[in-house]
Amino acid sequence: MAVVIKVDRLTKSFGKVQAVKGVSFSVKKGEIFGIIGPNGAGKTTTLEMIEGILKPDSGTIDVLGLTPNKELQQLNQRIGVQFQATSIQKKMKVKEALDLFAAFYPGKVMKQQLVEMLGLEEKMNVRFEDLSGGWKQRVTLALATLHQPEIIFLDEPSMGLDPHARREMWTLIRRLREKGSTIVLTTHYMEEAEQLCDRVAMIYSGELKAMDRPSALLEQSGAMLITFQSDDFPYVKLPTMPGVVKVEKEEDTFKVYSDDLQLTSYHLFTYGHQENLSLNHFQFTKGTLEDLFVQYLEKEEAK
Amino acid sequence: MNVVWKLAQLETKMFFRDRLSVFWTFLFPVVMIWLFGSMFGDNAEGNFSFAALFVPSWIGVNIVTTSFFTLGTVLAGYRETGVLRRYQSTPLQPWKILAAHTVQGTVIFLCSALLLLVFGMLLYDLELPLYIGSTLAALFLSIAAFFPFALFITSLAKNTQSAAAISSLFLNVMIFLSGATFPLEMMPEVLQYTARILPLYYVIELLRGTWNEAPIMEYGLESMVLIGIAVVSTILAARFFRWSGQ
Chain P
1 MAVVIKVDRL
11 TKSFGKVQAV
21 KGVSFSVKKG
31 EIFGIIGPNG
41 AGKTTTLEMI
51 EGILKPDSGT
61 IDVLGLTPNK
71 ELQQLNQRIG
81 VQFQATSIQK
91 KMKVKEALDL
101 FAAFYPGKVM
111 KQQLVEMLGL
121 EEKMNVRFED
131 LSGGWKQRVT
141 LALATLHQPE
151 IIFLDEPSMG
161 LDPHARREMW
171 TLIRRLREKG
181 STIVLTTHYM
191 EEAEQLCDRV
201 AMIYSGELKA
211 MDRPSALLEQ
221 SGAMLITFQS
231 DDFPYVKLPT
241 MPGVVKVEKE
251 EDTFKVYSDD
261 LQLTSYHLFT
271 YGHQENLSLN
281 HFQFTKGTLE
291 DLFVQYLEKE
301 EAK
Chain U
1 MNVVWKLAQL
11 ETKMFFRDRL
21 SVFWTFLFPV
31 VMIWLFGSMF
41 GDNAEGNFSF
51 AALFVPSWIG
61 VNIVTTSFFT
71 LGTVLAGYRE
81 TGVLRRYQST
91 PLQPWKILAA
101 HTVQGTVIFL
111 CSALLLLVFG
121 MLLYDLELPL
131 YIGSTLAALF
141 LSIAAFFPFA
151 LFITSLAKNT
161 QSAAAISSLF
171 LNVMIFLSGA
181 TFPLEMMPEV
191 LQYTARILPL
201 YYVIELLRGT
211 WNEAPIMEYG
221 LESMVLIGIA
231 VVSTILAARF
241 FRWSGQ
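Chains P and U, in that order, are what the protein sequence lines are. With our numbering applied, the first sequence covers 1 to 303. With our numbering applied, the second sequence covers 1 to 246.
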């Protein structure tokens, strides 16, 4: 697969704050690539440098063979961007917005196709200010993809959407990929990254901490855990058991992170048997990116 | 060019969707002329009728209103809410945005000027400008000076509110001190000199002059001042154009 974005040792500071510290990665054609991290981690800054809006302090960026901040005009013909929290004119109707943005691009645009795909037909005469959050996101997504861009950048595409609208947004993003676009998105919803992305780059405090397929990240990290229910198991006993990394408890449900599930389970059962404690709904589960993420953050804070 | 035209058309449409801006741009000047007319309507100043002095003045004031509010404050709002930033990732170049807004501002201003003209002619026996070509040239010069001037000043504002505050300040100072509403002769000498540092003073002199007395060639100083403002503020507005507030 051809590489469409190559980022090498990228740094950017705002005053004294180093927002991005030496990030390198590349994105292949046809991928859905996620940049994940907590708020303020440097995701948007990284994305905006790739889009050519921000100039990096050092490092190189190659997008479709172009240097973004120097060849922005050419690049903008070939990419589509959905910003986080930007708006179009409040009093502009959806139809007018689509017409206007279609006029920006010299080539053919797929306006009608997008209107159908996004179900915008019924909203064509509605002003932007009168749309709900979900519809606004759809409209800005349509504006970003009108010209069938080779790469689509989405900054927090499902921010502020309810779970149903979020799932619909994922379906739409997958369909855009099927139509041949490469997709780069940022998100702080780990579920979104897990469900949607082929590969994710995890960024925290401006540094790239991990990058792989979501499932591989979970396997490598050993974010495996045991869950069980018990109303009499002593919480304080758990962290001292062999293999246990971390323990969480919510009501009577325990989540035990372990780097050796078999060993930990053996000791759990032995102890439970000796002390005559109840252990219900015992199961091995794969952690979520969310869990993995929390682990990373905690490690970071411990330093 | 197609895009500039399309954007200008859309922005003009959206202007008319906003009742407040329609009121301030079109009705407010008419109401003001009517108010002043009921105060001074009968006592003509020198050889000129009330309307011959007041209508060109308020047309001049409308250039300020259009440039600071219809253009400046609106673009400051677009900067704050990310409309401009959204454009930044399209092939649309900044000059086209500014050009479209200039076209829109000119159209709206011309409508308001026409409205004042008709209003003056119907109610106060206003006559058409003596030197129509010169008056049009004066209008063009005034627009060329004020649009970029207002765009530059409001681009320094951090958000829409401060842009609106700056605009109101400029508008009010200029309405009262440039001779547009109260004759400068009524004012203390200090203020008469202060008026001369306000750009609107030169606009008013040019418009009133070409309307009632002489062709634009007789107003060398006023024209030069406006050309100077136009050149300097165009350079500043282009130099300091920003896509976003950050």
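Don't take each hint at face value.
Stated by the list, open to error - Simulated DEER-style distance windows between Cβ atoms:
1) U/Gln-9 - P/Glu-298: 54 to 62 Å
2) U/Arg-19 - P/Gln-77: 34 to 42 Å
3) U/Leu-114 - P/Gln-112: 36 to 44 Å
4) P/Gly-160 - U/Lys-158: 21 to 29 Å
5) U/Ile-197 - P/Lys-16: 16 to 24 Å
Stated by the list, open to error - Here are the simulated lysine to any residue pairs, SDA-like style, with alpha carbons at most 20 Å apart:
6) P/Lys-136 - U/Glu-80
7) P/Lys-95 - U/Lys-13
8) P/Lys-93 - U/Phe-241
9) P/Lys-70 - U/Phe-176
10) U/Lys-13 - P/Ala-103
11) P/Lys-55 - U/Trp-243
12) U/Lys-13 - P/Ala-102
13) U/Lys-96 - P/Lys-209
14) P/Lys-95 - U/Arg-239
15) P/Lys-93 - U/Arg-239
16) P/Lys-55 - U/Gly-245
17) P/Lys-70 - U/Gly-77
18) P/Lys-90 - U/Ser-244
19) P/Lys-55 - U/Asp-18
20) P/Lys-136 - U/Gly-77
21) P/Lys-91 - U/Phe-241
22) P/Lys-29 - P/Lys-55
23) P/Lys-91 - U/Trp-24
24) U/Lys-6 - P/Lys-55
25) P/Lys-70 - U/Trp-5
26) P/Lys-93 - U/Trp-24
27) U/Lys-13 - P/Gly-180
28) P/Lys-90 - U/Phe-16
29) U/Lys-13 - P/Lys-55
30) P/Lys-93 - U/Gly-245
These aren't lab readings, by the way, just hints derived from the structure by calculation. In this text, all values refer to a predicted model and were calculated from it rather than measured experimentally. Don't be surprised by glycine CBs; every beta carbon is placed ideally from N, CA and C.
**Prompt:** Tell me, which hint numbers fail for this structure?
**Reply:** Hint check: 5, 8, 9, 13, 14, 15, 17, 19, 21, 22, 24, 25, 26, 27, 29, 30 fail, others pass.
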